[in-house]
Amino acid sequence: MNNTQIILTAEPLNIQSCIDWVMSPESGGIDVFIGTVRNATKGKAVSKLNFEAYEPMAISEMEKIAQKAFDKWPVQKVLIHHRTGVLQVGEVPVVIAVSAAHRDAAFDACRYIIDTLKQTVPIWKKEAFEDGDVWVAAHP
Amino acid sequence: MKINVLAFGVAKEIFGSSLVSLELTNDATVSNLQYMLEQQYPRLKQLASYMIAVNNEYALSGDTIHERDEIAIIPPVSGG
Chain A
1 MNNTQIILTA
11 EPLNIQSCID
21 WVMSPESGGI
31 DVFIGTVRNA
41 TKGKAVSKLN
51 FEAYEPMAIS
61 EMEKIAQKAF
71 DKWPVQKVLI
81 HHRTGVLQVG
91 EVPVVIAVSA
101 AHRDAAFDAC
111 RYIIDTLKQT
121 VPIWKKEAFE
131 DGDVWVAAHP
Chain B
1 MKINVLAFGV
11 AKEIFGSSLV
21 SLELTNDATV
31 SNLQYMLEQQ
41 YPRLKQLASY
51 MIAVNNEYAL
61 SGDTIHERDE
71 IAIIPPVSGG
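Chains A and B, in that order, are what the protein sequence lines are. My numbering puts the first residue of the first sequence at 1, with every later residue one more than the last. My numbering puts the first residue of the second sequence at 1, with every later residue one more than the last.
Honestly, the hints are just simulated from the structure, not real lab data. In this text, all values refer to a predicted model and were calculated from it rather than measured experimentally. Treat each hint with caution, since some may be false.
Stated by the list, open to error - Calculated lysine-lysine pairs in the BS3-like style (CA-CA distance at most 25 Å, straight line):
1) A:K118 to B:K2
2) A:K118 to A:K64
3) A:K118 to B:K45
4) A:K126 to A:K42
5) B:K2 to A:K126
6) A:K126 to A:K44
7) A:K118 to A:K44
8) A:K126 to B:K45
9) A:K72 to A:K44
10) A:K126 to A:K72
11) A:K48 to B:K2
12) A:K48 to A:K126
13) A:K48 to A:K118
14) A:K126 to A:K68
15) B:K2 to B:K45
What the hints assert, rightly or not - Cβ-Cβ distance ranges computed for the label pairs, FRET-style:
16) B:Y58 to A:H102: 31 to 37 Å
17) B:E13 to A:A45: 29 to 35 Å
18) A:P25 to B:Q40: 23 to 29 Å
19) A:I19 to B:L19: 35 to 41 Å
20) A:M23 to B:N32: 48 to 54 Å
21) A:V89 to B:L24: 30 to 36 Å
22) A:S60 to B:L19: 34 to 40 Å
23) A:P25 to B:L24: 30 to 36 Å
24) B:E38 to A:P25: 37 to 43 Å
We put the beta carbon where it would ideally sit given N, CA and C, even for glycine.
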């Protein structure tokens, strides 16, 4: 699919190249979501996050989400890049970029992609607190 | 039949390994597998939830498991 780019990588994400990849002469707008590592959770300081993925399934679930976005909205290109490994505060674990002829489709699809990714893609993060590490959302 | 179960995230810590081997009957379902895993690793029951994936797809509890399927335990995901 030359209108979709899905990458799972241990290397830093390049936001500008993500934007460049979805840009096309037919596009009237690009919507970009950039996830960043926050320095706290519920008031407790977080020093870093460790991301782990079930790689083949994570890729296939991200492909499904991208396909669903094309089915639901008139978007032109969809890009999803996600990091694995240890990320420090301020680093970027995820970039979603969507281009479309008109902005409504780009905004809606981008929102749908990040929301669904967080629900279905088998990637896990562990937060490092001063007093120990915790897998996010593992326990009620 | 012998099957291997891949584990990720908190499940890897509960198993103490990223791969465990189990002996299942030939017509075993996903829910049979879950029961067996929970008997051996009771801490699984403390998770908010967890899913079983078969060959890189989320499986339903009634799905049958076959020898050589790639089985994985998927604790609550938290990417993004």
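Here is how each hint holds up against the structure:
As the CA atoms of K118 of chain A and K2 of chain B are separated by approximately 33 Å, the hinted pair breaks the 25 Å bound. Taking the CA atoms of K118 of chain A and K64 of chain A, the gap is near 13 Å; set against the 25 Å cutoff, the hint holds. Taking the CA atoms of K118 of chain A and K45 of chain B, the gap is near 22 Å; set against the 25 Å cutoff, the hint holds. Only pairs whose Cα atoms come within 25 Å are accepted, and K126 of chain A paired with K42 of chain A is accepted, the gap being roughly 15 Å.
With a CA separation close to 31 Å, the supplied pair K2 of chain B and K126 of chain A exceeds the 25 Å bound. Using a Cα cut-off of 25 Å, the hinted pair K126 of chain A and K44 of chain A holds, with the two alpha carbons roughly 14 Å apart. A hinted pair counts as satisfied when its Cα atoms are at most 25 Å apart, and K118 of chain A with K44 of chain A qualifies at roughly 22 Å. For the suggested pair K126 of chain A and K45 of chain B, the alpha carbons sit about 20 Å apart, so the restraint of at most 25 Å is met.
Between the alpha carbons of K72 of chain A and K44 of chain A the distance comes to roughly 39 Å, so the proposed pair goes past 25 Å and is violated. Of the pairs offered as hints, the one joining K126 of chain A and K72 of chain A is violated, with about 33 Å between alpha carbons and a cut-off of 25 Å exceeded. Distance hint between K48 of chain A and K2 of chain B is unfulfilled; the C-alpha atoms sit about 39 Å from each other, more than 25 Å. Taking the CA atoms of K48 of chain A and K126 of chain A, the gap is about 8 Å. The hint holds against a cut of 25 Å.
Proximity of K48 of chain A to K118 of chain A is assessed by CA-CA distance (about 19 Å); at most 25 Å being required, the pair is judged to hold. Annotation: proposed proximity of K126 of chain A to K68 of chain A is violated, straight-line Cα distance about 28 Å (limit 25 Å). Distance hint between K2 of chain B and K45 of chain B is fulfilled; the C-alpha atoms sit about 23 Å from each other, no more than 25 Å. A beta carbon spacing of about 34 Å between Y58 of chain B and H102 of chain A agrees with the range 31 to 37 Å that was offered as a hint.
Restraint check, E13 of chain B to A45 of chain A: a C-beta distance of roughly 22 Å breaks the suggested window 29 to 35 Å. With their beta carbons about 58 Å apart, P25 of chain A and Q40 of chain B fall outside the hinted range of 23 to 29 Å. Between I19 of chain A and L19 of chain B the CB atoms are about 39 Å apart, so this pair conforms to the stated range of 35 to 41 Å. The hinted window of 48 to 54 Å between M23 of chain A and N32 of chain B holds, with their beta carbons roughly 51 Å apart.
Judged by the Cβ atoms, the range 30 to 36 Å given for V89 of chain A and L24 of chain B is violated: they are separated by roughly 44 Å. For the pair S60 of chain A and L19 of chain B, the beta carbons lie near 20 Å from each other, so the given range of 34 to 40 Å is not met. Range check, P25 of chain A to L24 of chain B: about 55 Å between beta-carbon atoms, so the 30 to 36 Å window is missed. The hint said 37 to 43 Å for the Cβ distance between E38 of chain B and P25 of chain A, and at roughly 56 Å that hint is violated.
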